[in-house]
Amino acid sequence: MTVCRRISDGAKMLRQYGKSVAVRFACAPKANRMFPAIIAACCFLFVLTGNARTENTTALDRRSVASGQCLQCHDEYKFRDAFPRSVHGNIGCGGCHRGIADLRRHSRGEEKPQPVSCGSCHERIAAEYLANFHYIQEDFRCYDCHRGIHALTAVPRRDFKRTIVERCTECHSNEEYVASGHSEALLKGNQDAADCSDCHGLHNTRVYHTALDKYPAEAREFYTAKCKRCHSDPVMMKRNNLSPELVRYYEETYHGKIQSVGYASRVAGCGDCHTTHNILPKSDPRSSIHPGNLVENCGRCHRSFHPRFVDYKAHPNYRDRKNYPSLFWTFVFMSALLAGTFLFFWTHTFLWWRKTYWETHRLEKLGLQAHCSLSPQDRIQHVQRFSPGERIMHVLLILSFFILVMTGFPVKYPEAVWAGILMDLWGGAANAALFHRGAALVLIGIVVYVGWLSYRFLFPKGQGTRGWVGRLLGPDSLFPNLKDWDDLKGMIRWFFDRGEMPKFDRWTYWEKFDFLAVFWGMFAIGGSGLLLWKPEWSSYLVPGWVLNIAAMVHSEEALLAALFIFTVHFFNTHFIPTKFPMDRIVFTGTYSLEDLHEQRPLEYRRLVDTGRLDAVKRAHPGIPLKLVAAAFGLASLALGLLLTILIFWAILF
Amino acid sequence: MLKSGRLCLFLLLVACLAWGTPLWGQQTTVPELRPEQLQEMLSQGADFLLINTMSPIECRDHAIPKSVCIPCEAFGGHIGELPDDKGKKLVYYCESDLCLRSYKSAGKAKELGYRRVYVLKGGLPGWKQAGFRTVAQERIPRRAVPSVKAAMLKKWLADKEPVYLLDISSEDAFRQAHIDGAVNIPFYLLDQRYHELPSDRKIVLVDERGFRSFLAACYLARKGYQTTRLFGGMDSWEKMLKNEKRAPTGKGK
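Top line first, the protein sequences correspond to chains A and B.
Here this note's numbering is used: the first residue of the first sequence is 1, the next is one more, and so on.
Here this note's numbering is used: the first residue of the second sequence is 1001, the next is one more, and so on.
In case anyone wonders, no lab produced these hints; they're calculated from the structure.
A couple of the hints might just be wrong.
Simulated restraints, written as ranges between beta carbons of each label pair [unchecked claim]:
id	chain 1	residue 1	chain 2	residue 2	range
1	A	LEU516	B	LYS1245	47 to 57 Å
2	A	GLY181	B	ALA1151	19 to 29 Å
3	A	ALA631	B	ASN1243	50 to 60 Å
4	B	ASN1243	A	ASP159	31 to 41 Å
5	A	LEU396	B	LYS1242	37 to 47 Å
6	A	GLU536	B	LYS1245	41 to 51 Å
All values derive from a computational prediction rather than experimental measurement.
For every residue, glycine included, the Cβ atom is placed at its ideal position computed from N, Cα and C.
All chains, please: the whole structure from these sequences, using the hints.
Here's what the structure looks like:
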C-alpha cells in the first residue's frame, strides 16, 4: 500500500514538476507522441528488473526530483547533503511534503504543501502516539523529539538504549535514574538494563506517567508489570547474575497476592519499595532497601511501628532452609499437619462410607430392617441434643466461617479465575478485608464464649474444683479419654468387618476432634490473624520475620480448616449414607428417641438409669423450623461443596 | 435518658449530612459534553460558541477548531464577546480534566443568564485522546526544557542559587499557596508582561500541576530567557513538604 502510494506520488511529482530529464522530455509538447512509447519501454524495464528494485528506482527518481527541483530553492546543506544520506533519503522530499500541484505557484508562495503526516508510513506508532502523554498534554509532535529530521540517521542497535536515555533526560533531568543501577549497567553497555522506554513506553507513554495520584491502581499495576517482565525472565536474569525467582517470592507474599487479585492500589508494588528511578542494590547505602533505610522505606506506607518491623521479608523463599530456616520449618510442619490430618481422616471417611454402603446394601438385599427394642410410641418421641443457644452459635459459626473462607481464599489463590470474581462480589479488597475481620471477631467471640462454658462445665458454681478430673474425662465431656481410643480401634475393626460397631456415648471421638480442632484452629489462625490484623502494632511484640511465619500459618491452617469442614465434617455429619443428604439436628436441636437409642446407646442407657430421659423429651419440631433448617442446611452444604471445588481447582490448575 | 437518646440521634444525623455534603458539593451543575458530541456539533455546523478558557499563548499554540479564546481569569473583560442571545449554546473547555477553569467560566456565564452552558468533558486532552484534530494559529516550537524536581528546587533555594521563581498560576491560586520568593505573572498575562522578567538569571516556572509550565517555558525560551520548570508544579512541591513533615525517624512515624 505504502509502496503504491509512494510510486504514485513519485510519478505525480515527476509529471508535475517535470524538470528532470525524463519528465521534461515527457512534458515537452513535441514529445507528446512519443510518451506512450516511453511509458511502454519503462513498463518493460520495470517487469524485467522486477518488483524488488521498484522502490530503489523510485527513490532514485525522487532523489533526482529533490535534487533537481526542490533543491533549486531549498539548497541548504541539510537538504542537499545530509538528507540523501538520512534514513528518509530514499523517499525524497515528496515522500513527506505532499500536495504541491503547481511548482510555479508554490515558488510564488501561493501553494503550500500539506502538513507532514509521519503516520501515513509509521501507522502503528501514530496510533500508539494518540494515547501518549506528551501529545495529549504538551502537544509534542514527532519532530519535537526527532529533531533534525532531515539529517536523521539510523542509530546502531547497541546505542539505541543510550540514545533514548539521552533524549529523555534533555527535559527530564533525572539525576536519580542516572545514578541508578539500571543506568550504570546501561552505560557500561548492558543491553538488558532498563532505559526510560522500558518502563514508560516510547511512543505510548501513558497518561498516568505523571498522574500517579489520579491513577494509583493503573500506574502501580502498569509499572509492576514492567518490572516483572524483565525480572521474571529466567534467561535474562541468569545472564545478569540475578534471581528470576524473586518475582515469584514477592507474589507469594500478602503484597503480591493482593496485587495479583486485582487491587494493586492497596499494596506495595515493586516501585514502592525499590523506588521508581533510584534503584540500587541492597548493599548500596543510597539504596531504599539498604538495611539503614528500611525504616524510612516501610514508613512511607506503614505507621507507628517498632523498628524491628522491617525484619519482615518481602521476597522470602520458604523452600530455602539455609536463608529462611524458620519459614522453612514452619512450611514443613504445616505440610505435615495437613498431610497427616487428611491422610487419616479421608481414609477414615472412605472406609466408613464403604462399610455403611455395603451394610445398607446387604440389609436391603435381604429385606431386613434394623431391630429396635423401643415401643412405636417411644420411637417417634423427640429428645433434645442441642440447646437453642448452641444452635444459634452453630448458625453464627457457619456464617462467619463462610465469610472468612470467601474473603480469605481469593487472597490465598489470587491467580485463580474465580478469585477476582469473588473479590468483586465483596465490592473490592478493602471491603473483603472488613468483612474478614468482622467475621473473625464473631468467631473469636464464639470461641471465647465456648471457652467460658467449658470452664463452667469443669468448675460449676458451688462445686469449685472438686471432681473436675472426673467431669473432664466423663461421658458428657468433649475431652478425649481412653474410651475414644477404644472406639477408634473398634471402628477400624468394624470398617474391615472384624467386629461390631462400637457403642457410643454422648460424644463420639470424631465429634470431639471437630470440637477441639476449632480450639487449635483458633490458636493457629486466630493468633496469626491477630498478629496480621495490625502488623505495625504486632512489631512491638514480635519481629517482622514472625509476620512471614504468621502469614504462612494463617494461610495453610485456613486450607486445613476449610477442607476439613467441607469434606470430613460434612461427610461425618451429613453425607454418610444413613443421613444423606443432611442431618437437621444441629438446626432443629432434637432427634427421635430411636436415633438416640441407635446412635448413642450408652447415653440413652445413662439417661434411663439416672431418670433424666423425661427431662430431655421435646415436642416434634414444627414445619417452619424444619423447612428453614433444610433450606439453610442444604444451602450451606452446597456452598461448602462449591468452595471445595474452587479450592481444588486453584490447587490443581 | 430519652432526651439524650434523641440528642445522639440528631447529632448522628448531622454528622451523616456533614460527611455526605462534600460529595454533593463535588457534583457539577454544569452539564458535560463528550468529545464525540462536540465533534458532531462542529461537523453539522451547529450554532454555538466554543470557548477556550486557557491563556492567549495556549489558545494560539493549538486549540479545537472554531474556538474563541476567553481566558477564565479575564472573563469580566470579555463579556462583550459573548453572544447577546442568552439562549445560545456555550461550550467551555480548558487544558486538562483536572482543571476547573472551564467550570468556573461556565458558572459565570450561567450567572449572566446564559441558559445552555456546557463543559467539554476531559478538556482539550480528552478531545485529543478521542483522536480529533486541533488547529494552530502560532505554534510555539517545542524545545528541550529541563525540569527540576521539588526536592532539588528546595536545595537550590537553600543554596541561594541565582534563580528567579516565576509562578504562572492564576492570582487566586497564587494567593492560596506559593513558594516563598516566587513572583506571580499569571499565564494569561505572560505575553503582555514577560519583559518584566530578568534576563540574567535562570527562570524557574511554577504552575499548579506541571501541565502548563512547559509551554510557558518554550514561549519564554523563544524570547531569549533561560528557563527551567518545576516538575509536577505546586502539587509536587506541596507533596514534598507533606512528606518531609512526616519525617521518618526511629520508631516508624
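- Query: Which numbered conditions among the earlier hints are violated in the structure presented, ordered from lowest to highest?
  - Reply: Those not satisfied come down to hint 6.
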